[in-house]
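Protein chains in written order, with the working numbering: chain A, 1 to 180; chain B, 1 to 144.
Simulated from the structure, these hints should not be mistaken for lab results. Be aware that one or more of the hints could be misleading.
[Stated by the list, open to error] Quick partial rundown of chain A residues pointing at chain B, CB under 8 Å, derived from the structure:
id : residue
1  : Ala21
2  : Leu94
3  : Val100
4  : Tyr153
Just so you know, even glycine gets a beta-carbon here, dropped at the ideal spot from N, CA and C.
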Amino acid sequence: MINDAGRADWIGALGRHAGAASRFAAYAVDVIISWAAFTLGLAGISFAITIVTGRSVSWHLGASIAVGVVFAVWELTYFGYCWAAAGRTPGMALLGLRVVRADGADLDPWHGVLRALAFPLSILLCGLGFIGILAQREHRALHDLIAGTAVIYSWDARAARLRCLTRTATRPRTDLDGAS
Amino acid sequence: MDQIGQVRAASELLAQRALERVLDLVVQSLDVNELAQQVDVDALLSQLDLNAVIEKIDFNVLLSRVDVQALVERVDIDAIVQDTDLGAAIAMSSGHVAGKAVDILRSQAVSLDDRIDHWVRRLLRRGGPGLAAPRTLLNTEAGT
Numbered sequence: 001m002i003n004d005a006g007r008a009d010w011i012g013a014l015g016r017h018a019g020a021a022s023r024f025a026a027y028a029v030d031v032i033i034s035w036a037a038f039t040l041g042l043a044g045i046s047f048a049i050t051i052v053t054g055r056s057v058s059w060h061l062g063a064s065i066a067v068g069v070v071f072a073v074w075e076l077t078y079f080g081y082c083w084a085a086a087g088r089t090p091g092m093a094l095l096g097l098r099v100v101r102a103d104g105a106d107l108d109p110w111h112g113v114l115r116a117l118a119f120p121l122s123i124l125l126c127g128l129g130f131i132g133i134l135a136q137r138e139h140r141a142l143h144d145l146i147a148g149t150a151v152i153y154s155w156d157a158r159a160a161r162l163r164c165l166t167r168t169a170t171r172p173r174t175d176l177d178g179a180s
Numbered sequence: 001m002d003q004i005g006q007v008r009a010a011s012e013l014l015a016q017r018a019l020e021r022v023l024d025l026v027v028q029s030l031d032v033n034e035l036a037q038q039v040d041v042d043a044l045l046s047q048l049d050l051n052a053v054i055e056k057i058d059f060n061v062l063l064s065r066v067d068v069q070a071l072v073e074r075v076d077i078d079a080i081v082q083d084t085d086l087g088a089a090i091a092m093s094s095g096h097v098a099g100k101a102v103d104i105l106r107s108q109a110v111s112l113d114d115r116i117d118h119w120v121r122r123l124l125r126r127g128g129p130g131l132a133a134p135r136t137l138l139n140t141e142a143g144t
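So that you can see chain B by itself, here it is in the shape it has in the complex (with noise of 0.2 Å):
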């Protein structure tokens, strides 16, 4: 009996090494490039029931995982406005013409008050800076 399991046991394992030889000389042999242009991939999405699939996942458990504050802070919404029409949208909402009227008046005032602040301070010969901040502001407020 010891022989017949030995003779089972090198044949089996003889039998092994030479499927391996020949998978790896299949596997070489194959263009994987060529083979994958041959898959219908619109065939196969098409028996994928996506559905189903989407079913299966608990998004709030993804969404759990999904750091949003810094996917926000990634994002550069200066640049989005600029080459989007988002920043169109927004300039025809009826708030965005009320919020551009009270910009110019707020920008027509201080440009104002800054003149009159110059011509004041050359009337009094007053040199240094313009209009200051007040000293709790200038790092925070102000610095903005």
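If we strip away everything but chain A, and leave its shape as in the complex, we get (with noise of 0.2 Å):
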């Protein structure tokens, strides 16, 4: 355990750029579930397919350009929509990240689908984009460079603070004891 889940200390983070490793975990979960929601849709309409016409459909990836490329727009429309609407995706969400504005300002829907269509990029430069994850001061990758965006940690610090400090209400009083 790096962190102390009991304690405090990262809710003050909030509002903070987010660092490589939680956009990674959060990038993670989202490809997780786009690709598990692709992967139904597809089993879906294979199972319509072969009541409709009596035939066994098959498809999965890498098995066809077309599906290959249904699946990039898929992915795009994924992140796209999600950024646009609300500014983070499940997986970001999950992590308590949220897109902004460079200066901080709520993202608006166009900078949310430029950010989808830059975000290709990153990948395509052999991932040389998401170098400014790591290195730069502000962690913007490529695709935030040229969108005009930020991640930043997002999250309800009242509720989580709450919670931290049931868990120091409910500890046993040794635990808190030895803790001292």
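Taking the hints as your guide, dock the two standalone chains into a single complex.
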């Protein structure tokens, strides 16, 4: 354990630029969610075609270029819609991250879409576009610089603080004494 | 008639003064504490119809005069949660369990972010603070 979840230190990070680990974890969660949704969608379409035509159809990623293209479009739609509508994807919501304008203002739909369109560039440049998350002072990747966005920590600090307090209150007295 | 009236007024005044004096003496000689101890409060309350009293109270008018917001602001919720079983009740709720898991995940991620940032700053020999906040958030969200 790197940090004790019972301590409220991390809550103070609210509003700061998010670092590489949080952003990578959020991205991993989003990839899993979007991939699962895409696979379920393909399975549903295959099932419907099988019922209607009587032929068994099996699609999977890599089977054809068309599926790959549809998957790429789906990923763009997933990230673009989430950023444009809410400024965060489900993975970002889980990790407590939010996309904002570079100056901290709320993200408008246009910049959300622009970020999604610029996002593949960071991948296509052999991942070099992501180096900014590590090296840049504001942890902005290439697509952030293009879209004029930044990623910050954003969560319900009051609720998190209350949960920390309840953990402290319910912790056995000996544990508290030992901690002090 | 005037003389009779004057005599009557004088006698009434005399009687009033005498009565006041007697009452003063009686009150001074009374031990109020002892008297209060002899009062059967339970019997007194049993004769009181509290329901009828409550029915006569207009609580809407009463509550409209109370500044609930100011009242709530004076309550130290942190202390209540720490000192009572309220914390345990919240802790046992299913929502809290999920929230706790999310808190752990976020705290670990933030901690790892700070470590990575620390290493990178050492590698690049960059001084100054670690993770900065956007300009407009420095005085609002980050400050809370």
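Status of each hint after checking the structure:
no.	hint	result
1	Ala21	4 Å, holds
2	Leu94	7 Å, holds
3	Val100	6 Å, holds
4	Tyr153	7 Å, holds
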